[in-house]
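Let the sequences and hints guide you as you build the complete structure.
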Amino acid sequence: MSVITIDNASKSYVIKHKLSKGNTLRDDIVNFANSVFRGQKVSEKEIFWALKNINLKVEPGDRLGLIGSNGAGKSTLLKLLSRITAPTSGEIRIKGRMASLLEVGTGFHPELTGRENIYLNGSILGMRKYEIDTQFDNIVEFAGIQKFLDTPVKRYSSGMYVRLGFAIAAHLEPEILVVDEVLAVGDADFQKKSIGKMRDVSKSGRTILFVSHNLTAVESLCDKGAFLSKGELIDHGPIKNVIHNYIQKVSAFQIKQEWDTINEAPGQNGIFAKRVELKSDEELASGAQLTTKVPLKIEYEFWNDLDNANLNLSVFLYSMTGECIFNMANESRNFQKGIISCEFKIPGDFLNDGSYYVSLMVVQDGLKPLFVFDEALQFDIHDFREGSEYLGKWPGAVRPMSLKVKTWQKELVE
Amino acid sequence: MKSEKVRVITARPSFIDYWKEIFDYRELFWILAKRDIMVRYKQTIFGVLWSVLRPLISSLVYVFGVNRIGNLSEGSEIPYILVILPGTILWLFFSQSLLNISLSIVTNNNLVAKVFFPRIIIPFSSFFLGLLDFVIGLIVFFGFSFYYGYFPELKVVFVIVFAILSYLATAGIGLFASVLNVKYRDIGQLIPFILSFGMFISPVLYTTDKVVGHWTYNLYVLNPAVGAIDGLRWALLGDYASFNWDSFIPLIVFCVVSLALSIRFFRKHENSFVDYI
Numbered sequence: 001m002s003v004i005t006i007d008n009a010s011k012s013y014v015i016k017h018k019l020s021k022g023n024t025l026r027d028d029i030v031n032f033a034n035s036v037f038r039g040q041k042v043s044e045k046e047i048f049w050a051l052k053n054i055n056l057k058v059e060p061g062d063r064l065g066l067i068g069s070n071g072a073g074k075s076t077l078l079k080l081l082s083r084i085t086a087p088t089s090g091e092i093r094i095k096g097r098m099a100s101l102l103e104v105g106t107g108f109h110p111e112l113t114g115r116e117n118i119y120l121n122g123s124i125l126g127m128r129k130y131e132i133d134t135q136f137d138n139i140v141e142f143a144g145i146q147k148f149l150d151t152p153v154k155r156y157s158s159g160m161y162v163r164l165g166f167a168i169a170a171h172l173e174p175e176i177l178v179v180d181e182v183l184a185v186g187d188a189d190f191q192k193k194s195i196g197k198m199r200d201v202s203k204s205g206r207t208i209l210f211v212s213h214n215l216t217a218v219e220s221l222c223d224k225g226a227f228l229s230k231g232e233l234i235d236h237g238p239i240k241n242v243i244h245n246y247i248q249k250v251s252a253f254q255i256k257q258e259w260d261t262i263n264e265a266p267g268q269n270g271i272f273a274k275r276v277e278l279k280s281d282e283e284l285a286s287g288a289q290l291t292t293k294v295p296l297k298i299e300y301e302f303w304n305d306l307d308n309a310n311l312n313l314s315v316f317l318y319s320m321t322g323e324c325i326f327n328m329a330n331e332s333r334n335f336q337k338g339i340i341s342c343e344f345k346i347p348g349d350f351l352n353d354g355s356y357y358v359s360l361m362v363v364q365d366g367l368k369p370l371f372v373f374d375e376a377l378q379f380d381i382h383d384f385r386e387g388s389e390y391l392g393k394w395p396g397a398v399r400p401m402s403l404k405v406k407t408w409q410k411e412l413v414e
Numbered sequence: 001m002k003s004e005k006v007r008v009i010t011a012r013p014s015f016i017d018y019w020k021e022i023f024d025y026r027e028l029f030w031i032l033a034k035r036d037i038m039v040r041y042k043q044t045i046f047g048v049l050w051s052v053l054r055p056l057i058s059s060l061v062y063v064f065g066v067n068r069i070g071n072l073s074e075g076s077e078i079p080y081i082l083v084i085l086p087g088t089i090l091w092l093f094f095s096q097s098l099l100n101i102s103l104s105i106v107t108n109n110n111l112v113a114k115v116f117f118p119r120i121i122i123p124f125s126s127f128f129l130g131l132l133d134f135v136i137g138l139i140v141f142f143g144f145s146f147y148y149g150y151f152p153e154l155k156v157v158f159v160i161v162f163a164i165l166s167y168l169a170t171a172g173i174g175l176f177a178s179v180l181n182v183k184y185r186d187i188g189q190l191i192p193f194i195l196s197f198g199m200f201i202s203p204v205l206y207t208t209d210k211v212v213g214h215w216t217y218n219l220y221v222l223n224p225a226v227g228a229i230d231g232l233r234w235a236l237l238g239d240y241a242s243f244n245w246d247s248f249i250p251l252i253v254f255c256v257v258s259l260a261l262s263i264r265f266f267r268k269h270e271n272s273f274v275d276y277i
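Each protein sequence line maps, in turn, to chains A and B. Using this note's numbering, read the first sequence as starting at 1 and increasing by one per residue. Using this note's numbering, read the second sequence as starting at 1 and increasing by one per residue.
Hints listed in this document are in silico derivations from the structure and should not be mistaken for laboratory results. All values reported here derive from a predicted model rather than from experimental measurement. Any given hint might turn out to be false.
Here are the simulated lysine to aspartate or glutamate pairs, EDC-like style, with alpha carbons at most 20 Å apart [to be verified]: (1) A:K230 with A:D365; (2) A:K203 with A:D223; (3) A:K129 with B:E21; (4) A:K240 with A:D260; (5) B:K34 with A:D133; (6) A:K345 with A:E277; (7) A:K95 with B:E21; (8) A:K337 with A:D380; (9) A:K16 with B:D275; (10) B:K34 with A:E111; (11) A:K279 with A:D353; (12) B:K42 with A:D353; (13) B:K268 with A:D305; (14) B:K183 with A:D133.
Sample of chain A residues at the chain B side, in silico, Cβ under 8 Å [claimed, not checked]: (15) L80; (16) S82; (17) R83; (18) K368.
For glycine and all other residues, C-beta sits at the position ideal for the given N, C-alpha and C.
Below, the structure written as structure tokens:
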């Protein structure tokens, strides 16, 4: 029998829209007076379906990864499952005890010590006192807070806080463990421990629901997946298929822009963009996933309205946070009126995973910028790893795999 | 521990499951209460001594005020502090519990929004704090009464009954307020005013005898705090306070009716707390 049966569950929220704009107290009073004395409607109600007719079955021992972009309804679904809020319609049947880590350390009281909070949090999560007593040492050891057991948690570092929270929930021995994005915090060592603990949980025949934006972690940990979008369950099944499906649907990056006539095209000082495109060596199938391994090619064509001009192209690559990763330009060359084509290659195994954008600048005589095409291309690069135990975010702006780190044994101790 | 129980989550949970679940979480009543008690006097110099000081200081202030201004203490056969202390202790218990219950859901919003457990545990566990003060207040009272040479009679055991009744009355009002306060925080602002007004229409500074015969008396006794304070005085003051059926019966009726209605109201709304909090 399934551990979790979700039968046609829906959840709706009523959102109010103010009809008049104002935001001051005076406006509020005027609106209120209008609504009372003239019966005018102040706000309009709209029903928002956070989840719509979800049907899903989870079998014992499944490790189900919930994926979907922000606002897809993942958290709402977890809230329904962990009974924080009730479904508007439909039914959910759960067999066994469930522990949810929607946000670790919930219910910690900052003034209480670690020891006191273990008991407090454990009971809130549904543990009996004798269970906490037997697990107490394991929890403390797993969290690695032996020294700070009698310190109020308000003095804990955020890492200690999260570790303690995860440790308590992980030792609850639930039949179903719900985990939401806890792996984002904590160092590599703790991540490994957590994933190990979650594997143990699933090996002993218990069930895990895992929500994360880190697809690498989801893929390595889960065997089943469910893909939510705008409150609807789009796909569920083996994790690989679901992730593949998900990537195809959500890759909403801008990898091509093209203009037919010079009048519509953006431009300045006689330079007008015609076409800009991101390609990879293997032809980019629409929506295929760009990973750190794939070599990229940027193609840029522009109309040149200047006769006999010395032009060159300068390429800027920015991270989404606006940091310039690099800027490369070529030598100036003499061009006539017409269309000019440019090409720039970024090798594979060079960029790190993340979101990037490219700006292109056409320069005259090597010093005068004619036209800066800002954010011409936007794209996401997804993580690709082989044989790495570490699943957290790979730090750094670039990941130049051609640079090798070498280690060798220089001497042997006799 | 293996629980093979199947939980059904729907828009309307069944009645029996609801109470069973509260029973499963019974340890949480005490754990949450312990948290409130432990946290309360952290980073204070006097610590738990505050529980002794508060009823003591308020009573002394009242006695001083009453002696100076009014003629309320006239005709009292025993030291007036012995009359005022039970009223003060019970009123503090009543007002503090009401305030705590009304605000309990909102102050625990981090729990409500993140973990599931029967919500009704929150308001019901919030009264332990007041209970602790109540017990300490009683000790202060006995200190005074021994000092003046008055010893309680056997009926002192009824103190427990009146503590429970006044708590139930508080919960009857407080549960309504706690639910409403989730959506309308005005309630939290309003309660202190109601309480400061309530102190004048309850026999805290005076005895109910002063009101007997006045045309408002029949209305006056409907206040549940009147019944509770009268009862507590009767239990504590031996022959010096008589049992007042006029206020006792309304208290019982109030407890039963308000509690039944407010628990129903709470159940109806508790699932949507997280959507409004």
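(request) List in ascending order the numbers of the hints, as given earlier, that are violated by the structure. (result) 1, 4, 8, 12, 13, 14 and 18
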